[in-house]
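Trainee: Given next are the chains, with one letter for each unit.
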Amino acid sequence: MYLELIDVLISGLTNGSVYALMAAGLTLVYGVSKAFNFAYGSFFSLGGYIAWMLMAVFGTAKGYFFVFILSVPLLLLIGYGVERIIVSPLRKRQDWEVKVMMVTLGLALLLDNSFQVVFGARMKSLPPIMEGALTINDVIVSYQDMAIFILSIASILCFRWMLNNTRLGMAARAVAQNPAGAQIVGIPQNIIFASTFAVSTAMVGVGGILLSQKYFISPADGWDILVKAWVITAFGGMGSIRGSLYAAFILGMLEACVGWLFGMSWILVANFAVLVTTLAIRPQGLFGKWG
Amino acid sequence: MLRATNLNAYYGEFHVLENVSIEVLKGQVVVMLGPNGHGKSTLLKAICGLAEKVEGKIIYNEKEITVQPAEKLVNQGITYISENRELFPQMTVMENLKLGAYSKNARPHERKNLKKVFRLFPRLKERKRQLASTLSGGEARMLALARGLMSNANFLCVDEPCLGLQPNLRMEVLRIIKEINQQGITILLVEQNIPKITELADQLYVLEEGQVTFQGNKDQALGNTQLKDIFLGM
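Same order as they appear, the protein sequences are chains U and L. For the first sequence, the residue numbers in my numbering are 400 to 690. For the second sequence, the residue numbers in my numbering are 27 to 260.
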């Protein structure tokens, strides 16, 4: 009982850290450009498939080194391109927020079906990033879980540092806090929109690489992730990155506990229960503000 | 330094500016007076590349700059300081100032301008680690001016800097604007009706219903009885 509970906590912590990374990315784009990206989950699968392909090319021995070195720039590039080509042209139109949702929804379907055509419907698996486990008394913590946790926390810290200390990060915060003010000081908004979209794509893609080794990669996996990231974003407060970090860990823990107590099929129910409760009791989320 | 000819501006269907022409010479303070909602702010925004739809011609330092996005104009030294301040509320005073120096043209001069700004606004130096949202109205106004100066501008468009301030703070703001001007920065200032504004102005314009209805220097403005009654409050 006691050992099982520790397993649950470790699983919750590991998943929570990856959720935090992915939710922060979604929040970033929403906070800066107020655009809602429905293809976010498909970029998760894309990350997994890119890792799988690179693994196939470079072999599994040194695989993850090349995977991270090559996939991050690739994901950044894809994100930047997607924003410039399909999101940015909509921004001048009326009701562009709704149009962005529709276009990214279309992109998600296109990507998912392309995955199925290219990679087939069968699930792919990635090898664990590290083998073996640490045993303290009777508690077993796999190195894989530790590596995933450390990598996602490191990515979040790196993201936070960029947001607070680089010109791009400052500009992104400026646009999120006051678009008119950002325009006045001469921040080119289009570049900021595309860059934040690119960064968020890399964040969810890395999340895909990290989580796919624990579960599997299949073409329609992204939808689950989109729902989770959405729930976390709403629960934490739309546009609040700090809120999404707390919310991600709470949700990761909740999922692990619900999965353990009631079975995995209840996890999605738990997600939606959190969403409904949030919207009913505190619609602005944990750290959100009105307006 | 800057000459705008036959400017027309629109907000949706609404025709805000009608054939407005103004000229600002290097080193001058030009004051634009007029009632609320008659297009003064729109004129400044049109010059600074922030208005929605603009027609006409704007020449700046012998170069045509009409219909360029704000980020390009800031880089050429034209900066808008908004009547609404438009600060970044969840950032510190220092971060706001640093973002003021975002443009390529301003970056190399950041440290020099920071010193200059802190000399002009010692209050901001004391509060540099405070969030902008915690500043008082007067301090926020100062920060908006200071952030504008950080852009290394040589042409400042200042939109109603005295709006919502107490009379003694207004005088302080006008004094600082004068000082900024004496450091060689050309200023186009929009105000509603403040006594003493004429002392500052080399040239005055009055904008009513989107059209220039008066243009002249200080003495001409003071000699114009109608103007004196309505706008100068004397």
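Wrong hints could be hidden among the right ones.
[As the list claims (entries may be wrong)] Under the rule of at most 30 Å between Cα atoms (straight-line distance), these lysine-lysine pairs were calculated in the DSS-like manner:
| id | chain 1 | residue 1 | chain 2 | residue 2 |
| --- | --- | --- | --- | --- |
| 1 | L | Lys141 | L | Lys151 |
| 2 | L | Lys52 | L | Lys83 |
| 3 | L | Lys89 | L | Lys151 |
| 4 | L | Lys142 | U | Lys491 |
| 5 | L | Lys151 | U | Lys491 |
| 6 | L | Lys52 | L | Lys130 |
| 7 | U | Lys498 | L | Lys124 |
| 8 | L | Lys222 | L | Lys151 |
| 9 | L | Lys254 | L | Lys124 |
| 10 | L | Lys52 | L | Lys79 |
| 11 | L | Lys222 | L | Lys130 |
| 12 | L | Lys204 | L | Lys89 |
| 13 | U | Lys523 | U | Lys461 |
| 14 | L | Lys254 | L | Lys204 |
| 15 | L | Lys254 | L | Lys138 |
| 16 | U | Lys491 | L | Lys138 |
| 17 | U | Lys523 | U | Lys433 |
| 18 | L | Lys130 | U | Lys433 |
| 19 | U | Lys491 | L | Lys83 |
| 20 | U | Lys433 | L | Lys52 |
| 21 | U | Lys433 | L | Lys124 |
| 22 | L | Lys204 | L | Lys151 |
| 23 | U | Lys613 | U | Lys523 |
| 24 | L | Lys138 | L | Lys151 |
| 25 | L | Lys204 | U | Lys498 |
| 26 | L | Lys130 | L | Lys142 |
| 27 | L | Lys98 | U | Lys491 |
| 28 | L | Lys83 | L | Lys138 |
| 29 | L | Lys98 | L | Lys141 |
| 30 | U | Lys433 | L | Lys204 |
[Unchecked claim] Pulled from the structure, derived: some chain L residues nowhere near chain U, Cβ distances all over 10 Å:
| id | residue |
| --- | --- |
| 31 | Glu97 |
| 32 | Asn101 |
| 33 | Lys124 |
| 34 | Arg173 |
| 35 | Gln208 |
| 36 | Gln218 |
[Claimed, not checked] To give an idea of the chain L side of the interface with chain U (calculated C-beta under 8 Å), a few residues:
| id | residue |
| --- | --- |
| 37 | Ser108 |
| 38 | Glu109 |
| 39 | Leu113 |
| 40 | Thr118 |
If you are wondering where the hints come from, they were derived from the structure by calculation, not from laboratory data. C-beta: ideal position from N, C-alpha, C; glycine also.
Trainee: Now tell me if each hint is right for this structure.
Mentor: A quick look at each hint next to the structure:
no., hint, in the structure
1, Lys141/L / Lys151/L, "holds, 9 Å"
2, Lys52/L / Lys83/L, "holds, 19 Å"
3, Lys89/L / Lys151/L, "violated, 37 Å"
4, Lys142/L / Lys491/U, "violated, 39 Å"
5, Lys151/L / Lys491/U, "violated, 40 Å"
6, Lys52/L / Lys130/L, "holds, 23 Å"
7, Lys498/U / Lys124/L, "violated, 35 Å"
8, Lys222/L / Lys151/L, "holds, 29 Å"
9, Lys254/L / Lys124/L, "violated, 41 Å"
10, Lys52/L / Lys79/L, "holds, 27 Å"
11, Lys222/L / Lys130/L, "violated, 37 Å"
12, Lys204/L / Lys89/L, "holds, 27 Å"
13, Lys523/U / Lys461/U, "holds, 19 Å"
14, Lys254/L / Lys204/L, "holds, 22 Å"
15, Lys254/L / Lys138/L, "violated, 41 Å"
16, Lys491/U / Lys138/L, "violated, 38 Å"
17, Lys523/U / Lys433/U, "violated, 34 Å"
18, Lys130/L / Lys433/U, "holds, 27 Å"
19, Lys491/U / Lys83/L, "holds, 24 Å"
20, Lys433/U / Lys52/L, "violated, 41 Å"
21, Lys433/U / Lys124/L, "holds, 25 Å"
22, Lys204/L / Lys151/L, "holds, 21 Å"
23, Lys613/U / Lys523/U, "holds, 11 Å"
24, Lys138/L / Lys151/L, "holds, 14 Å"
25, Lys204/L / Lys498/U, "violated, 49 Å"
26, Lys130/L / Lys142/L, "holds, 19 Å"
27, Lys98/L / Lys491/U, "holds, 19 Å"
28, Lys83/L / Lys138/L, "violated, 34 Å"
29, Lys98/L / Lys141/L, "holds, 25 Å"
30, Lys433/U / Lys204/L, "violated, 40 Å"
31, Glu97, "violated, 4 Å"
32, Asn101, "violated, 6 Å"
33, Lys124, "violated, 7 Å"
34, Arg173, "violated, 7 Å"
35, Gln208, "holds, 24 Å"
36, Gln218, "holds, 21 Å"
37, Ser108, "holds, 6 Å"
38, Glu109, "violated, 11 Å"
39, Leu113, "holds, 6 Å"
40, Thr118, "violated, 11 Å"
In the structure shown, a violation is registered for the earlier hints numbered 3, 4, 5, 7, 9, 11, 15, 16, 17, 20, 25, 28, 30, 31, 32, 33, 34, 38 and 40, in ascending order.
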